[in-house]
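Protein sequences, first through last, are from chains F and Y.
Just add 246 to wherever you are in the first sequence, counting from 1, and you've got the numbering used here.
Just add 246 to wherever you are in the second sequence, counting from 1, and you've got the numbering used here.
Some clues are possibly wrong.
The list treats identical chains as one, so a pair stands whether inside a single copy or across any two.
With a straight-line Cα cutoff of 30 angstroms, these simulated DSBU-like cross-link-like pairs (lysine-lysine) come out [to be verified]: (1) K372 / K551; (2) K288 / K473; (3) K368 / K551; (4) K358 / K542.
Since the hints were derived computationally from the structure, they do not count as laboratory data.
2 protein chains.
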Amino acid sequence: MNVFIDSNGVVKRNGVNTLKMISRTRLIYSFSPRNEPVETAKPGELVLFETIDALGGQIKSEDMTLNELDWSKVDGATGPLYVEGAEAGDTLVVDILDIRVEEIGVMVVIPKYGALGHMDFKPRVKLVRIKDRLVHFDGIKLCAHPMIGTIGVAPGEGEVPAGSLGRHGGNMDTKEVRAGTRLYFPVFAEGALLAMGDLHALQANGELCVSAVEVSGEVLVKVDIIKGKQPPWPILETDDHLAVLACGNTLDEACTYASETAVKGIAGARGLSFEEAYMLASLTVDLEINQVVDPKKGVRAVIPKELIGNVEHLFIG
Amino acid sequence: MNVFIDSNGVVKRNGVNTLKMISRTRLIYSFSPRNEPVETAKPGELVLFETIDALGGQIKSEDMTLNELDWSKVDGATGPLYVEGAEAGDTLVVDILDIRVEEIGVMVVIPKYGALGHMDFKPRVKLVRIKDRLVHFDGIKLCAHPMIGTIGVAPGEGEVPAGSLGRHGGNMDTKEVRAGTRLYFPVFAEGALLAMGDLHALQANGELCVSAVEVSGEVLVKVDIIKGKQPPWPILETDDHLAVLACGNTLDEACTYASETAVKGIAGARGLSFEEAYMLASLTVDLEINQVVDPKKGVRAVIPKELIGNVEHLFIG
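Extracted from the complex, chain F is given alone in its bound form (with noise of 0.2 angstroms):
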């Protein structure tokens, strides 16, 4: 990515194409119906997202305590975005072109939460270096794989704070939500009020410790909307895969609403009975798991693309 701004504030790409930016300082902490929007695109548009790192970017030291954090600030969302003619019903797609991170990221680990919350240990803040595409974690050099932790649209009603999840997306840390993905959300208001955030240098599946590589960055997206028609949950396309990315307040919640979508789906595709679709799914669909740490738990069923074709066999109720 080639992203220039001028002396006007024009966002130039790659010296040519202009295209629309929202900045780092339009922050959405729950996502709701009711945020007004900050900018509009039309179906087939770029746009820029600039992003802040999920600690607000309080983190400058490591030693900085946790106590010092104003929470209130943690979690944020650029945006939301309008997209002209999203209504409730539709579906939202989202290309995600490019994630750009800086070069400082902030791990944290927090007394009670992650995997082993249980355990005795102490708060801790640490500052992680990223650059040719390594992440510097003390001497220890681990590739960098840039993903988007919160993307998202508003949910029909109510907030739903920006730290959790749900069918609307939102906190999903989902490793596989890289540059080169596609995204499709189901639409329940008006314009869908695309919002995202929480970007990661890297994350394992399962973000086991609560925290992965926090990074503040810019995410190059182009949307378009499917009309009339949409999927339970938010769906990932890869080149190789589809995947249903749903949750639950415990894993195996999580799995059992999955599986519903990808065997109907494969059901649908197939022209197979749900018993004939149920085995075959359990030869072909992997459950792999999101994240274990946030306010709901995240799986996805991958799919191969071969076995289900277009994405719209998972649009069922």
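For this one, chain F is given, so just place chain Y on it according to the hints.
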């Protein structure tokens, strides 16, 4: 694998080595320190286990109904093998050298079972052909990936049904338990008492309908012992990674157990504090689902070998 049985019933491998074989008529239906060994082996010795499919070889036709099954003959494991010198507190090392499956497998759907057991569906029995490394699911061809569903040692006390799982292994239904991998089991009883069965020609992570392609076959293993130390859970080793195979009453509980062993192991291997290891694991340890359908749910914490080095870093309480 090139195994022959000559006219005297002596097993020869590649025409040269003889090796011990345990027939698939020697079945146990629970893992217990009271099971009588049916064969013995020295450390370093090869043993061939003939196994029967998880339905006990009873299903020969798709016209058969589940009501006709003798459920007391389901989930049998071949063995147990007494490994000389193995005592409680040691580790049994099992190299899976080869897995050969027969040409006809069976799948079942059982009302109230599987990830979608709450839904309304009918019982179903299906025969599946396995040929030229392909599984033929009606007109759909899928690459076969033979694996061992059930493999374990005797627990320290009591009996664990062979269809369940625990720290002794058992019905782990982990798709990575394939030829070319090595398993480490904590030994709880004299001789370890290794048994295995429930081969699958193909299974996805989750095994969501409760069955995979259930098939009879043969497994060639080499057994060895590490004296005086052991892991808290079975460990799987591949070329690239070590994986802690944990289980619990829920997936969430299984994730906690798997994460604890992984984080403590990384702390020991790298000389890190618990807090630092917790963060590093959040970036590098993938929590993956084994299965969501057995009496206990199974998860594996997959750790890059380059991060942890020697498996014995995972031999912690």
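The hints, checked one at a time:
Taking the shortest alpha-carbon separations for K372 and K551, only the inter-copy value of 24 angstroms comes in at or below 30 angstroms, while the best intra-copy value is 40 angstroms. In the homo-oligomer, the alpha carbons of K288 and K473 lie at most 30 angstroms apart inside one protomer (14 angstroms), although the nearest pairing across protomers, at 68 angstroms, exceeds that limit. For a Cα distance limit of 30 angstroms, the shortest separation of K368 from K551 across copies, 27 angstroms, qualifies, whereas the shortest one inside one copy, 45 angstroms, does not. For the identical chains of this complex, K358 and K542 are neighbours both inside a copy (16 angstroms) and across copies (25 angstroms), given an alpha-carbon limit of 30 angstroms.
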